[in-house]
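Line by line, the protein sequences give chains B and W. Just so we're on the same page, the numbering used here is the position in the first sequence counted from 1, plus 351. Just so we're on the same page, the numbering used here is the position in the second sequence counted from 1, plus 289.
If you are wondering where the hints come from, they were derived from the structure by calculation, not from laboratory data. Because the structure is a prediction, the values reported are computed rather than measured. Hints may contain errors.
Claimed, not checked - In silico DSS-like cross-links for lysine-lysine, where the CA-CA straight-line distance does not exceed 27 Å:
(1) B:487 / B:354
(2) B:487 / W:332
(3) B:393 / W:309
Stated by the list, open to error - Pair by pair, the computed Cβ-Cβ distance ranges are:
(4) W:352 / B:453: 24 to 34 Å
(5) W:330 / B:518: 27 to 37 Å
(6) W:311 / B:372: 39 to 49 Å
(7) B:476 / W:329: 31 to 41 Å
(8) B:475 / W:290: 50 to 60 Å
(9) W:315 / B:455: 29 to 39 Å
(10) B:357 / W:364: 23 to 33 Å
(11) B:453 / W:327: 13 to 23 Å
(12) B:358 / W:353: 30 to 40 Å
(13) W:326 / B:503: 22 to 32 Å
(14) B:499 / W:367: 42 to 52 Å
(15) W:370 / B:476: 24 to 34 Å
Don't be surprised by glycine CBs; every beta carbon is placed ideally from N, CA and C.
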Amino acid sequence: MLKIPRAIVEEMVAHAREAMPNEACGMVHAQGGVPFEVHRVKNIAGDEKSGSPFRYEMDPMQQLRLEAQRDETGETLFAIYHSHVGSEARPSPTDERQAFFPPGEFDRDPAYPNTFYILVSLASEPPEVRAWRVLKRTSPDETRPVVIEEPIERARWWPQWPWRCWMRRWTGRLRHR
Amino acid sequence: MAVQVHVTSVIRNAVGGQRKVSADGGSVREVLADIEAKYPGFKAQVMDEQGQLHRFVNIYLNDEDIRYLQGADTILSDGDEMSILPALAGG
Ligand SMILES: [Zn+2]
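Isolated chain B (complex conformation) (with noise of 0.2 Å):
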C-alpha cells in the first residue's frame, strides 16, 4: 500500500477540476520518504502553450525550479501526476512511452525510477486517483513497458509526517510575503 496522506490526493484532485477541461499536471515532492506537498506546474501543451485535453507538458522553467528546490532542500520527487479528462486513472500508451528518456525506449530504466505516476481521472464520480510504476520492460519481445499499480491508502496522518519540515515551509513562505 502507499500511504498518502488525504489533504495530498484532494489537492490534486482539486487541480484536475480546475483545470477542466484541459489536463493538469505536477509533482508531489516528500521528505524522508513521505510525501508531503503538491506543486502544481503548467500545462504547456496544444497550439497555444496553454493546455490541452488529450495531452500535458510541463512548463520546462517550473520544472527546472522544482528540480533546483530539491536539490537544495534534499526534498525527493514522490510523484509525477497527471489527470485523463475522459479515460481511466491509468497509464496510457504516451504515458507509458514517455516515462523512458529517449521516449519509448523501453529497454532503459524509466527517467524517474524512483517515482510514481499518479493518474487522476475524472471520467468517474468521485474521481478515481490511482498510482502506478512503469519500469523497463522484460524482454525485447515485449511492446509494452512493464506497468504496476500501487494501491493508494489515503492517511489521514501518521506519526513520520514531516511536520516541522511543512511549517517551516509554510513560515518561511509567510515571511516571503
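Starting from the known structure of chain B, fit chain W with the ligand onto it as the hints suggest.
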C-alpha cells in the same frame, strides 16, 4: 564565451553525474560541441545526427526557450545560463 549549463537529473549521467557544467562557445551549438568533447555521447541525447534538437528535449537560455530564439544557432553572451531539460509530458 564561458557559460554555465544546468543539466537535469534525467541526463546527468551523460555528463558524469554533474548538475552543472561549464562550457565554452559562441553559440548554443558550439557549447553543446564543447560538452561533447569532454563527455563523448552527450550530444546524441540532445540532438540528432543532422544537428536538429530532439523534439523531446528543451534547451533554455536564461529564461527563454531557444526554439523561440535562433535555435542551436542562438548567440551567447558571457555569463549566460543554459538549461537542458527533457520534456516531461504525456497524454
Ligand atoms: Zn495520461
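Hints, verified against the model:
For the proposed pair residue 487 of chain B and residue 354 of chain B, the alpha carbon gap of about 24 Å is at most 27 Å, so the pair holds. Simply put, residue 487 of chain B and residue 332 of chain W have alpha-carbon atoms about 23 Å apart, close enough for the 27 Å limit, and the pair holds. In summary, the hint linking residue 393 of chain B to residue 309 of chain W is supported, as the alpha carbons are separated by about 25 Å, within the 27 Å threshold. Between residue 352 of chain W and residue 453 of chain B the Cβ separation comes to about 25 Å, which falls inside the hinted range of 24 to 34 Å.
Separated by about 45 Å at the C-beta atoms, residue 330 of chain W and residue 518 of chain B break the suggested range of 27 to 37 Å. For the hinted restraint 39 to 49 Å between residue 311 of chain W and residue 372 of chain B, the CB-CB distance of approximately 45 Å keeps it satisfied. Between residue 476 of chain B and residue 329 of chain W the Cβ separation comes to about 54 Å, which falls outside the hinted range of 31 to 41 Å. Range check, residue 475 of chain B to residue 290 of chain W: about 55 Å between beta-carbon atoms, so the 50 to 60 Å window is met.
Distance hint check: the CB atoms of residue 315 of chain W and residue 455 of chain B are about 34 Å apart, consistent with the given range 29 to 39 Å. Checking the proposed 23 to 33 Å range against residue 357 of chain B and residue 364 of chain W shows it is violated: the Cβ atoms sit about 51 Å from each other. Taking the beta carbon of each, residue 453 of chain B and residue 327 of chain W are about 22 Å apart, inside 13 to 23 Å as hinted. Checked against the hint of 30 to 40 Å, the C-beta distance between residue 358 of chain B and residue 353 of chain W comes to roughly 36 Å, which is consistent with it.
Look at residue 326 of chain W against residue 503 of chain B: about 47 Å separates their beta carbons, and that is not inside 22 to 32 Å. Judged by the Cβ atoms, the range 42 to 52 Å given for residue 499 of chain B and residue 367 of chain W holds: they are separated by roughly 49 Å. Roughly 46 Å separates the CB atoms of residue 370 of chain W and residue 476 of chain B, a value that falls outside the hinted 24 to 34 Å.
In summary, the numbered hints that this structure violates are 5, 7, 10, 13, 15.
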